[in-house]
Structures are given as structure tokens and as C-alpha cells.
Amino acid sequence: MRKGFASNARLVLLSLGVSACFVGLGARLVCLHWLERESYTAFLEQARKQTIVELARRGDILDVRGNRLATSRSLIELGADPQDLRREDEPKWSELARLLAMPQSQLETLLRRRFAAPGDAADAGVDTAAQGRPVRWVKLSEEVEESAYERIQELGIKGVYGIRHYRRVYPGGQRAAHLLGYINKEQTPVTGVERHLDFYLRGQAGWRETERDGHRRELAQFRSREIPATDGFDVVLTIDEYVQHIAEQELETIAQKFQPESATIIVGDPNTGAILALANYPTFDLNRYNTAPLAAQRNIAITDVYEPGSTFKIVASSGALNEHLVTPDTEFDCSLTSVEYQGKPRALPREAHHLGRLSVAGIVGKSSNKGAAQLGMLLGGQRLYDYARAFGFGEETGYPLGGEVSGVLHPVAKWDGLTITRLPMGHSISATPLQVHSAMGVIASGGVLNRPWILREIRDNTGRTVAPYEPMPRRRVISRETAEIMARLLVEAASSEGTGKAAAIDGYMVAGKTGTTQKIIDGHYSTSHHIGSFVGFYPANRPQIQITVVVNDGRVPTGGPAYGGTVAAPSFKRIGEKLNAYLGIQPADAPAPRPVIAMTGLTR
Amino acid sequence: MKRKSKPAASPVNRLLLATILLLAFAGSIGLATVWIRHQISEVAQSNKQMQQRIVEVQRRTAETNAEIAAALNPEVLLTQNTSLRLGLEMPRDHQIVSVVEPVEARLAAKRSSDRVTTTLVSISFPLGAAR
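Just so you know, the protein sequences line up as chains A and B, in that order. For what it's worth, my numbering labels the leading residue of the first sequence as 65, then goes sequentially. For what it's worth, my numbering labels the leading residue of the second sequence as 2, then goes sequentially.
Derived by calculation from the structure, the hints in this document are not laboratory data. Each hint should be verified, as a subset may be incorrect.
Pulled a few chain B residues facing chain A out of the computed Cβ check, cut under 8 Å [to be verified]: (1) 37; (2) 41; (3) 48; (4) 60; (5) 62; (6) 63; (7) 64; (8) 70; (9) 71; (10) 74; (11) 88; (12) 94; (13) 97; (14) 99.
If you're wondering where the values come from, they're calculated on a predicted model, not measured in any experiment. Each residue gets a CB set at the ideal place from its N, CA and C atoms; glycine is no exception.
Construct the entire structure; sequences and hints are all you get.
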């Protein structure tokens, strides 16, 4: 056999060399993959593997016109690792201090603290448990804005870096504070829309398992599992930011003028039950919720009850008219002191003025207590109770954001001898401002009780509607004809002859009812503490706006009781005048807008 | 003359050649694998950067929206109206003229009047031609 170039010696040498290489390689592989496998794997797991959490952005809360009432801002918690700082970057510290709006000396103190020392650790934001150890993180600022962070990054200071997080901000400050609610420091939604629609708003954080190199940079090719973050949905409310602003401005006026204990204004569309504004005094700034007293955070429109007083007279008069027991012209003697009911004489309540004989229209217009009591007795206890329930008293209105109380309306079996004469004038009952608003909405809407409509829709982050909310009529309470008659009677109540004349808006047919109740102080009706209210709507012939104003314990500067006609009705007028221009509400004599018929498929 | 055999033709040399070729093939596979891995890394890195840019743009959009919302706050607008002395006010009732007639009918009439136009046309008849 010819061997050519390959001699025996050369072949043996080559084979030995190759074999030695392979044996060496094999031995090393055995070491790495078998003998030292555990320690290397553990080190790799710790050094290279990482799980990165991607935060989801919380959805916005929008008003009916798309204005943002609540949104989330991306902010950066800025810190530094003093061990990583370079001497050549020190000239840039002055610029960093300027961007952080921090004295340079303070910044230098923080950055030069390379080892945690007892006593100063807590001040520097250093973990006290790590005292004496090298400091690897010093917090420089909790909330740096994106624009400032960009400029900080441009400085290129090694060892200074930030962690992004979202912070909930409310551009309007105290705008619709009681409706929106807020997110506290622990990122927990506390009240209002934030809490009750948290499921839609919060989104879902994403995460990915990946590896990093020696410089702690992510090696994107080694991403193994990845779940992208899903941002939260946007919630659209029926609230109109400008209408809300008008209501809140008016509450400020009331607060300055009458210094009440509390006050509430609700503005809505009676046809759908949509709430355009819901404002309370006192209120608070959502961006500084932690400084607000708890009393200011209560949504008193749904949590506080009061005796509705004369505004409740719509129930007895509507009931009597709806049952065809009376007509608007039926007269009652409102000078009597007692009337027999179920075989017993019942004392009639007192009037502020002597009124004599009054028709039903007069009873409503002049707000006669004796007249309302006689209407109640004519209706009878059970029917009066049934109508009160049908108008929504004694039960929750269906306010969708929780925290609502149902008020008090005792069943007939629990009534005492005076209740039949006191209930029709709005005593022996308690209701929330929203319940009174809903009850008046029955007349404005043509006899139907609507559920308060506050949530309009839920949108995903592409703007697509994922959950629409429609108006929700609850039940028919009175016939359309009765509602129209009542609207006419309520126009008289808000006319120059009625108790609510201060609510009249020039050129507009306003229908409404005043209410004044004495507050119960130490178990007795007080003669100096009142709750004045006005509930009304306009234009009366085709209602478009309904406004409820409740002023709790106002002080009239000129003295005298804080009647609803004095403290609440003027606010109705001022709000209405502003809304006319903003919403384009036409005066009473204008014809109803006709539907425009559009045809498709017609081409020129 | 005795012919000297070619070394390449010998079986051992063939074996060596085959081994070298095998090693070269294995090496090229190794290089290709490295190249592919590098490409994967490049693409992954590029995807990551693109993703970061998208997130950045979304974040900027959200930031801008938040700033717009703050700037459109009625209180801010009213303050600017005062500080810039713009003198803007809501229209008052007496400044608003309500259109009581049906607006659609008026607009329809206006549109029709543009189409149905009257133009003065002179027509002359030659008297001699009429018989």
C-alpha cells in the first residue's frame, strides 16, 4: 500500500494531536455540563435571566365632548448609583441640579454618599438596613417629567437613571371631584368612577422573560415568553365639563353669599335622565386628595338626606290629578285648621301666610301646606305612599357609582296620626338631592321615572366602543296628560305670582318648585336653620334642562330664613342663562325642532 | 521508465482530503449558524428598538393629550382671557337671535334659488321668414 505524503510517523503524530484535542474538549465539556453544571446554571439564571414587567396605562375618563377629566401621565423616578459615577461627569452636575430644580449642594451631598452612614441614611432615601454598605441607589427626584428626563439623558451622566411609572392626574383639579373619585398613593381606586369602573380602567400589565448581557442590556434574541401590556379602556361620562364648571362656579357664588354648611347642584337632561353636572360644596382638589378632609370628599348628592319640603308637593298633586280626583281648578279651603280623615279630625299644618280658598293650581303655585295636606288626605294614605314610592322616594335611584342611600319613607302601617297631613308637604320623609331631582324628572319627562344616566360608554384605546350604556327608563309613574298639567302648574310656581319667581328666565317658560324645610336640631325643628331648595326644568312645553339646587343652612345676608326662593331659585336662573347660550336652548315661543329627513342613494 | 504514482490518488491521501473537506463543511455549518444567530440578534434588536419607538410615540401622544386637557380647562382659559386681555365673553340672550322658521326649508330654498336662475335672453324673428 502506497502511503504518499502521509508517513507513519506523521500520521501517528497527527492522530495523537487530534485525539488529545478531542479528549481535552470532552473533559472540559464533562466538567461544564456534568460536574459543575449546578453552579454554572445557577449563576447564569441569576446573571442573565430577567423578567421585565411592562406597566399598563390606566384609561382616561372623558366627558361627553371628549374632554379629559382624568388621565395618566408618565413620570420618572430619578436616582443614581454613586458607585457608577465618573469623575469626568462632575462638571455636568450643576446642569442636572438645575433640571431637577434642586440646590447643587444638596445634589452633591446625595451623589457623594457612596456608603450609607447611620443617621443620614433615612434622609437620603437609602435603605436603613443597608447602613455601612455601598450605596447603589440614591433617589434624586420622585417625579421627573418626560421632557426634563430627556434633557437629563442628553447630559450622559453615567450612573444616573430613572424608573418610569404612571401618575393619575386630574386636569380640572376639583372638577367633578365627587363623581370621578381618585387613586391613592398605593394605586388603589378609592371612590367614584375610578373605583366602580376600575375593572375597565386599570388595564393589564405585561411581562417578558428575557436575558441580559454583562452590561445589563437586554438580549432581545433570547426573549422566551412575552405578554404585551394591555392599556385600560377609556370611560365616557354624560357629564359636560363646561356645564360642570358652571355648576361649580355657582356653588362658589352660593358659598360666598350664604356661607352654607353644604350645597348641591345637579343639572340634567330630563328626557333621558342624563346627568350633565353634579357638584357639591364643600369639595376638594383631586390632585391633592390627601389634604382634603373626609367631609369634603362625601358626595352629598347621594349620601345625605333631608326633608324635601315643598318640592315633595308634586307627589300629592300629581297623584290626585292622575287619579282624576281633582282638576287644576278644584278648590280647597286653605284657611282651615283641621280636617276630618278616617273619622278623626286631623290638624292641618301651619302656613307662612293666610291663603284662603285655593285651586289645585294655586296650591302648587303658592305652595300651600294646608292645601297639599288636603290633597294627600283625598288621595288616601296607601295611594299617597304608592305614588311616593313610584316617584322614587324610599329607594335608591340606581346611581351607578355606588355609595347611595335610599332615604326614608315609612310604610303606611308605621305612620302616626299626623303623617297623612305632614307627608304631602314633604315632612316625615327624607330623601337625597338626587332622589328629588329624579322625582321632578318624572314630570319633565312626561311621566316616566328615569334612572340617572352618568356612564355613556366604554371605549378601547383605538376609540372603538366596547360597552355602550343607554338611558334606562324605570317605570311610568303618571300619564303624559297629568305630567303636562303638572308642568303648567309648576310654571305658575316659578312665575311672578309663585314662590319661585327668582328662578324665572326672561323669554323662557320655567317650571319648578321651591322647597324650604326647617332643620332638626337636638330633636326639634329649628326656626333659624333651614334647607332651601329649588327643583325645576325648562322650557316647560318641551323640557331640555332640569336643574336642582339644594342649599343646606344658608345665611341670608339681609337676615330672615333661607327660603328656597331666596337661596336656591336665583342660582337656577343664573345657571339657566349661561346654559341657554352654551347649549343653544331656544325660548318658549320657538317651534320644536323638526326632524331632518335624510335620503341615501340620491346622486346628482 | 518507472511512473511515480500521484500522492493524491493514494487511499490515505483521499481519506485525508475527505477529512479536510468534512472539517471545512462542519466549519462552514458552524459559521453559517453563527451568522444566522447574529442575524437573529440583529433583527431582534431592531424589533426591540422599533417597539421602543412605538411606546415612546404613544407615551408622547398621551403626554400631549394630558397637556392639552390641562390647557383646555375652563379655569385656565378664563385666566388667560383675563391675563391676555382678550375680552372674550359668552354671548348674552339679547345678542342671540333665534331662528323660529324651519332652518331646513330656508336652506333648501336658498340652494334651489341658486339653481333656478333667470337669464335675460333676446329672441329675434326675421319677419320676412314668417309665412
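Structure-based check of each hint:
no.: 1; hint: 37; result: violated, 11 Å
no.: 2; hint: 41; result: holds, 5 Å
no.: 3; hint: 48; result: holds, 7 Å
no.: 4; hint: 60; result: holds, 5 Å
no.: 5; hint: 62; result: violated, 10 Å
no.: 6; hint: 63; result: holds, 7 Å
no.: 7; hint: 64; result: holds, 6 Å
no.: 8; hint: 70; result: holds, 4 Å
no.: 9; hint: 71; result: holds, 4 Å
no.: 10; hint: 74; result: holds, 5 Å
no.: 11; hint: 88; result: violated, 16 Å
no.: 12; hint: 94; result: holds, 6 Å
no.: 13; hint: 97; result: holds, 6 Å
no.: 14; hint: 99; result: holds, 5 Å
Checked against the numbered hints above, the structure breaks hints 1, 5, 11 and satisfies the rest.
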